[in-house]
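Student: Given only the sequences and the hints, what does the whole structure look like? Please build it.
There are 2 protein chains.
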Amino acid sequence: MSSSLLGLSLLAGQTGATGGTVFHAVNPTTGENLAPDFHEASLAEVNSALNAAAAAFEIYRAVPAETRARLLDTIAAEIEALGDALLQRAHAETGLPLPRLTGERARTCGQLRLFAAVVREGSWVDARIDTALPDRQPLPRPDLRRMLIALGPVVVFGSSNFPFAFSVAGGDTASALAAGCPVVVKAHRAHAGTAELVGHAVVRAVAACGLPAGLFSLVHGGGSTVGIAMVKHPAVTAVGFTGSHAAGRALCDAAASRPHPIPVFAEMSSLNPVFLLPGALRDRGPAIATGLCGSFTLGVGQFCTKPGLVFALRGADTSAFLEKLSAAVQGAACATMLTPGIRSAFLENRAAVTGLAGVTLLAAASAAPDAKKTEAQPSVAVTTAQNFLAHPALATEAFGPFTLVVTAETAAELTACARALEGQLTATLHGNTDDLASAAPLVALLEQKAGRLVLNAFPTGVEVSPAMNHGGPSPAASDTRFTSVGTAALLRFARPICYQSFPAALLPAALQDANPLGLMRLVDGQRTTAAR
Amino acid sequence: MSSSLLGLSLLAGQTGATGGTVFHAVNPTTGENLAPDFHEASLAEVNSALNAAAAAFEIYRAVPAETRARLLDTIAAEIEALGDALLQRAHAETGLPLPRLTGERARTCGQLRLFAAVVREGSWVDARIDTALPDRQPLPRPDLRRMLIALGPVVVFGSSNFPFAFSVAGGDTASALAAGCPVVVKAHRAHAGTAELVGHAVVRAVAACGLPAGLFSLVHGGGSTVGIAMVKHPAVTAVGFTGSHAAGRALCDAAASRPHPIPVFAEMSSLNPVFLLPGALRDRGPAIATGLCGSFTLGVGQFCTKPGLVFALRGADTSAFLEKLSAAVQGAACATMLTPGIRSAFLENRAAVTGLAGVTLLAAASAAPDAKKTEAQPSVAVTTAQNFLAHPALATEAFGPFTLVVTAETAAELTACARALEGQLTATLHGNTDDLASAAPLVALLEQKAGRLVLNAFPTGVEVSPAMNHGGPSPAASDTRFTSVGTAALLRFARPICYQSFPAALLPAALQDANPLGLMRLVDGQRTTAAR
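In order, the protein sequences belong to chains A and B.
With the working numbering, letter number 402 in the first sequence gets 402, and the count goes up by one each step, no holes.
With the working numbering, letter number 282 in the second sequence gets 1282, and the count goes up by one each step, no holes.
Warning: the hint list may mix true and false statements.
Unchecked claim - In silico DSSO-like links for lysine-lysine, alpha-carbon gap of 27 angstroms or less:
no.: 1; chain 1: A; residue 1: LYS232; chain 2: B; residue 2: LYS1449
no.: 2; chain 1: A; residue 1: LYS449; chain 2: B; residue 2: LYS1232
no.: 3; chain 1: A; residue 1: LYS232; chain 2: B; residue 2: LYS1232
Claimed, not checked - Derived CB-CB ranges, DEER-like:
no.: 4; chain 1: A; residue 1: ALA352; chain 2: B; residue 2: GLY1461; range: 36 to 44 angstroms
no.: 5; chain 1: B; residue 1: ALA1320; chain 2: A; residue 2: THR528; range: 41 to 49 angstroms
no.: 6; chain 1: A; residue 1: PRO259; chain 2: B; residue 2: ASN1051; range: 33 to 41 angstroms
no.: 7; chain 1: B; residue 1: GLU1058; chain 2: A; residue 2: SER366; range: 44 to 52 angstroms
no.: 8; chain 1: B; residue 1: GLY1210; chain 2: A; residue 2: ILE228; range: 46 to 54 angstroms
no.: 9; chain 1: B; residue 1: ASP1513; chain 2: A; residue 2: SER501; range: 27 to 35 angstroms
no.: 10; chain 1: B; residue 1: LEU1361; chain 2: A; residue 2: GLU58; range: 46 to 54 angstroms
no.: 11; chain 1: A; residue 1: GLY518; chain 2: B; residue 2: ALA1327; range: 49 to 57 angstroms
no.: 12; chain 1: B; residue 1: GLN1088; chain 2: A; residue 2: ASN47; range: 55 to 63 angstroms
no.: 13; chain 1: A; residue 1: ALA352; chain 2: B; residue 2: ASN1051; range: 27 to 35 angstroms
no.: 14; chain 1: B; residue 1: ASP1513; chain 2: A; residue 2: HIS391; range: 25 to 33 angstroms
no.: 15; chain 1: A; residue 1: GLU58; chain 2: B; residue 2: ALA1437; range: 47 to 55 angstroms
Just so you know, the hints here were simulated from the structure itself, not pulled from any lab data.
Ideal placement from N, C-alpha and C gives every residue a C-beta, glycine not left out.
Tutor: Now the structure itself:
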């Protein structure tokens, strides 16, 4: 299958030109360049793709929900039809193990089908009808009907760490297409071949559904210049991004400085603090140690929900926990990171933390990492709460298999640490029944810091479901009012519109008296699926 | 009552200091300064109010919905208890007639009570429960529960044109308090006394409900320095604003440049285009002319939904319509604008439009405006679609009693005009049955331009109800995904949070199995009010 890769952008159903700067994907396990050459798209090509998206929007925004659902289902089927070749290419480009990639593919296709189901059911448009009150005094009330409609073309930046689930046909793309928005993806260079394979699958699905080719484009681009140009293009109405804080912030700033600013949904950085309460450590400290080691080394620590900070009260149970954690980390395997650049950043950020006074390396994997295999060595460091509170730099995210345990002398110190935290995707609490009986104040504090609170489990593993929230206060995400995972993610790409005194023939089906789509609606303040 | 005015900021229940720069409200009808002196708050005072709001948030975010509802009801009652003194002061400060102010007060109190009802009912939190699937393969699903929670302290900038409904206890404040957020209002200088009276009413209500005084502050401030400082204060999590595009954009830029950017809901500028289709002009051209004149001169044209652009096809019916419109405008009264500054801006912006080549003044009120009474003269100008398309400056908002009629030669020209429009709060269509049979393409175009589409009526008059949408694509509003009027306005000040594997005792009532609040919830993908 890799022989069928073109190394070209896919621009509204057409392949891009050769002739741009050429780059290669690299196998991080071997360091070798992977065929083929990839050609960066020109700015003119990018602009043409975005203009095609704007034209496609005028058609796609008005197709029935069933058409959008069928597109999402078809994309899932086309991705599955790529078979093992897709997994092999992704494995070669990312170093991620095949079982993980197999699971991520299933999650990605399941995500597409879940959004299809949400679109088919249809109530996400939050239809509201206020019927006319012609005799009301002092003024009559007109008939008012409101629903959510698609925002417009969306630019998606593929992430490095999820080559399927947060990439070309990942959550951002699926939710944008579900909401009724065309998508132009900027492929991540590190898995350009995986991106192209999935891109072809989407292109085939768009064609199979008889939809305009401009509905989807995939751009191979060079760094921030093309990215910023995409964000600044007048046709673009929203941006989805998963990656570093610096890159996300640059996109946010570009979007905010447009003549007409647009929202950027950037999911950026998070330390995912874990609070270990005394009873939990007493009852099951060893199990927590094993679980924590598994969680912070999962995927070589390359999850946005990796627990990177752990807080506990000093004491015998904590000491025993740390001993068990040390042993677990010593036994953990070194493993290949996604790219040499990510490995370098990991080493640099970890050194920024471990190099500070008062930080002690507690343990590292006993095996030595092989730089030629882009390997990282799991490790854990410890410091005190006083030191943590004195040095904000200790809250630096080291994206990789590292976590910092912070020991507090008192519960008040623990609370002070919680209060000092910046915005997080998740915050986790381990506590037994006694701990939890007095945990409400800590929970209240963490509610203000994080998008998801986890009890007696670990934050890695993000369910794709209606109740998931994957987001959080800045800097974890750029817009804490929205999630990037779960069915609510499509609310990012929609906006309300109100129709006043419109006849049924000019109203969307969602707002017609007969309720032909059978939606749950708010009619004169009452939620109902009935016609009116 | 005006003798009881202090001229001081209300900072977390305490009056601000004297000694800052002093200013007066001015009676625009007479030009006279109104007592008392108002003292601008210092930056230190502003910061203390915002810090008090942050402290109050930790209490207020956790009070039962009933407490929030009672606060809103109490504010309404306290405003009503101010009696005629409030109306008299507002009349003196704004020049708006007493009947209008009486209606606006009723709307404002009704708005507070409507949000109270929404909070009492409670389903706005969009509670979602995905129950645990411990036996799922390949991985179990944890119990996940998601709802909306309050964002944090909100800064509200009072508008000039609605001294009650978009000011101290207007829609922004009511929706923020409803969502669970403390509010710090920057009073509009032009009606500082009205603001202070309403501010005292809110302070009394906060105290009567036993809530922390920091929940509400009212700042008398000097121009943009204080405003920008408020937006940049680290405790602030969102901003509500209604006013000019330049001021709104400055606030948006300040918010976007923070270390942790926050959302600004700025409702800024809109021309509210009206499309008059041929059948409608033939059937009821004179009635439309009368209605249009009434709409664009209502409130001296000082509504954000004032129709400032009117499009029609050239022809005999349009000529007759224009004759009728001329007569109506000639008979319209000159009236006092809110402030001399608003009047100057109106004259300047109107001149920018009427001074362009190809624009003809069609008619003006036959009475002469009295500058000493800050009066504006209703007027209407005409131009061609070709001229409109050639000169984007013709789409300049003149906030006041002026509208521009654009005549097109062909339906294609009309469509081109629609396509050339920037984002709008509203777009209006007048058409008879024949017109509407072929209006779908125009409607589809206007859906992409406006937040509310009005059929065979006029856009002035914004209902406060569940289905209202008052917002629209940039530059009409800074965030087209939200409304600033209607019950959905409180969604601006909330964010989702997810609880994973939490026991009932640590869950908010909205997410407990028993559904003690009786909310409509999404449980395992099904909408239900049942317990589980």
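Student: Using the C-beta atoms of GLN1088 (chain B) and ASN47 (chain A), is the stated range 55 to 63 angstroms upheld?
Tutor: holds, 59 angstroms
Student: Given the hint of 27 to 35 angstroms, check if ASP1513 (chain B) and SER501 (chain A) actually sit that far apart at their C-beta atoms.
Tutor: violated, 43 angstroms
Student: When you take the CB atoms of GLU58 (chain A) and ALA1437 (chain B), is the distance between them in 47 to 55 angstroms?
Tutor: violated, 21 angstroms
Student: Taking the Cβ atom of PRO259 (chain A) and the Cβ atom of ASN1051 (chain B), is their distance within the range 33 to 41 angstroms?
Tutor: holds, 36 angstroms
Student: Taking the beta carbons of ALA1320 (chain B) and THR528 (chain A), is their distance inside 41 to 49 angstroms?
Tutor: holds, 46 angstroms
Student: Determine whether the Cβ-Cβ distance between GLY1210 (chain B) and ILE228 (chain A) falls within the hinted range of 46 to 54 angstroms.
Tutor: Cβ of GLY1210 (chain B) to Cβ of ILE228 (chain A): about 51 angstroms, so the range 46 to 54 angstroms holds.
Student: Is the Cα-Cα distance between LYS232 (chain A) and LYS1232 (chain B) 27 angstroms or less?
Tutor: Within the cut-off at roughly 25 angstroms; holds.
Student: Between ALA352 (chain A) and ASN1051 (chain B), is the Cβ distance one that fits in 27 to 35 angstroms?
Tutor: holds, 32 angstroms
Student: Does the Cβ pair ALA352 (chain A), GLY1461 (chain B) satisfy 36 to 44 angstroms?
Tutor: violated, 59 angstroms
Student: Quick one: are ASP1513 (chain B) and HIS391 (chain A) within 25 to 33 angstroms, going by C-beta?
Tutor: Taking Cβ atoms as reference, ASP1513 (chain B) and HIS391 (chain A) lie about 43 angstroms apart, which means the hint is violated.
Student: For the pair supplied as a hint, LYS232 (chain A) and LYS1449 (chain B), is the alpha-carbon distance within the 27 angstroms limit?
Tutor: The hint holds at about 19 angstroms.
Student: Between the beta carbons of LEU1361 (chain B) and GLU58 (chain A), is the distance compatible with 46 to 54 angstroms?
Tutor: Given about 37 angstroms between the Cβ atoms, the range is violated.
Of the numbered hints listed earlier, those contradicted by the structure are 4, 9, 10, 14, 15.
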